[in-house]
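So the chains spell out like this:
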Amino acid sequence: MSARSFPRSSTWARWSARLSSFSLSSYGFLSYLFLYLPILILVVFSFNDSRSVTQWAGFSTRWYGEMLADDQVILALWNSLFVAGVSTLISTVLGTLAAVAMERYRFAGRLAVDALLYLPIIIPDIAMAIMLLIFFNQSGLGFEPWRLELFGLRLAVPYSVIIGHVAFNISFVAVVVRARLAQMDPTLEEAASDLYANSWQTFWRVTLPLMMPGIVGGALLAFTLSLDDFVITFFTSGAGFNTLPVRVFGMIKKGVTPKINAVSTLMLAFSLLLVFVSLFARRGEKNPAGELGV
Amino acid sequence: MHIAKTLRRYPALSAWLLLLPAVGWLLLFFIAPLFIVLAFSFMQGATYGGVKAVFTLSNYARVIDPLYLSTFLRSLYIAILTTAICLLLGFPLAYFIATRPQRLRYALLLALMVPFWTNFLIRTYAWLTILRTNTGLINGTLLALGVIQQPLPLFGNDFAIVLGLVYGWLPDMVLPIYAALERLDRSLLEAASDLYAPRSRVFLRVIWPLSLPGVVAGAMLVFIPSLGAFVIPAILGGGKSLMIGNVISNQFLTARDWPFGSALSILMMAVMLAATLIYFRSATHSQARTARSEVDL
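In the order they appear, the protein sequences are chains U and E.
Count along the first sequence from 1, add 677, and you get the number used in the working numbering.
Count along the second sequence from 1, add 19, and you get the number used in the working numbering.
No wet-lab data here; the hints were simulated from the structure.
Heads up, the beta-carbon is just placed ideally off N, CA and C, and yes, glycines get one too.
It cannot be assumed that every hint is accurate.
[As the list claims (entries may be wrong)] Beta-carbon label-pair distances, calculated as ranges:
no.	chain 1	residue 1	chain 2	residue 2	range
1	U	A916	E	F178	31 to 37 Å
2	U	A746	E	F74	53 to 59 Å
3	E	I50	U	S703	48 to 54 Å
4	E	R205	U	L885	37 to 43 Å
5	E	T273	U	F957	33 to 39 Å
6	U	D862	E	Y96	29 to 35 Å
7	U	L714	E	F74	50 to 56 Å
Put together the whole structure using the sequences plus the hints.
Structure (structure tokens):
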């Protein structure tokens, strides 16, 4: 045993402990500063009364005005919401059914399905995007748009985009719902059938309500991922279709203006809203934060 | 009633009925496209995109071309560097969070994940406004103040890309390490210091081995998307500094060489598959090591 390990209660050891605890706290503070400062700068300069995105020239909301006057941005916003809404609906149903099968049954081929469900999560989006691009191009399915009118706006949303979004969202929904199913107390369902509930009654009155926080959590995650997606949308949309991220990317490529900051701030606010809705939906769980980032 | 009875007698049948829509969707819109890309990577390109159904290995041979090989190796280097920096920054951060009182811990975790839920295109754009060569926040301010005469090389290079990647994926490193540290049995630490182990040895012999599964999981979660990065190098690389993801997308958007682009993406996925296999091997290893370190301090 070396000498330096002995004086545990000496003044020196106390000070060294205090110093290391202080430096750990400062490090933690600096880390969060690193995570939040760029976003904060982005938001602050969206209110800047100048074309510069870095030099402050007084408070103004003119960039928000310009954003709202930009038909392309508004159309892209509705496209985003429509794609996210439809793909969330489909992937939530498909992902939930798959989760029930995976958690409640033992069958041949279960491991293979497990791998199939995890693949879209681990594969990088650029690989999935070009796979889908080639597929839609070669299969003859093409990039045909779904035309419809929504609040007086004519939308033309390629089916290929929605199909692609569902393909990556099924897995995320399945993971979240499976986590919920694994946590659920099986005795409640046993109690229901002991009380002569048939399997449909048990499912509708016991299992489904218990699963609901997982389903809502999965749906919100799918909605967020879909709203945020740029790469897969960009490659599966054919030409001329914009969601908000695709539009923002195009704007960045053309040049930096505070209008992009304004659009970004709007998207940030929306993401924050979704985080809080999902926290609210999953309240009462042991560690709601733990699975947010699945 | 008859259907219900059949289903109850053959549970596997119910399982497959439940799985049918999801598995069908993924087979058609994920596995089939994957095989088409694999097939394309062995075919000859036609002019203006598309392929001729002639078998060839030339697409893979072209990867050895110094131009592409250097991009491939540089992407690997950037992904490994990003992973290392994330580990260096992420471990103390995870330790910091794990050692706070419970209520603060949840708040800190949530605060870690909020930027994670916001669009990464926007987060990358935020760095663009900070790092840009002449008009970025840092260079613009320093130039205006006369601190520097020439803009600092903050943008359009590997530095900017690595910074963007670290910023984007840091929470991915912190979360699994945090999960491992939180599960760590406090009595082991007390036992170690009761036995007069110095802090450095407590770290090396107890904390580090027990957090290794989290470290390896975090490294995977950072390495894979970093290697496949497309948007971050496209924006922060300033069109000069590119990664393999950009070369792949160029084969489809501008060069129109689909078979070569397919071969590149198959190779990229192969590297990731190798990383995943190493991960599963080391995960079993580290479990064994964890079990050992619990008995021999």
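Pairwise beta carbon distance, E:R205 to U:L885, judged against the given window 37 to 43 Å: holds (39 Å)
Distance restraint evaluation - E:I50, U:S703, Cβ atoms, bounds 48 to 54 Å: holds (50 Å)
Whether the CB-CB distance between U:L714 and E:F74 falls inside 50 to 56 Å: holds (54 Å)
CB-CB spacing for E:Y96 and U:D862 relative to the 29 to 35 Å hint: At roughly 49 Å between Cβ atoms, E:Y96 and U:D862 fall outside 29 to 35 Å, so the hint is violated.
Cβ separation of U:A916 and E:F178, checked against the hinted range 31 to 37 Å: Roughly 34 Å apart at Cβ, these two residues keep to the hinted range, so it holds.
Cβ separation of U:A746 and E:F74, checked against the hinted range 53 to 59 Å: holds (55 Å)
Outcome for the supplied range 33 to 39 Å, where the beta carbon pair is E:T273 and U:F957: violated (46 Å)
In summary, the numbered hints that this structure violates are 5, 6.
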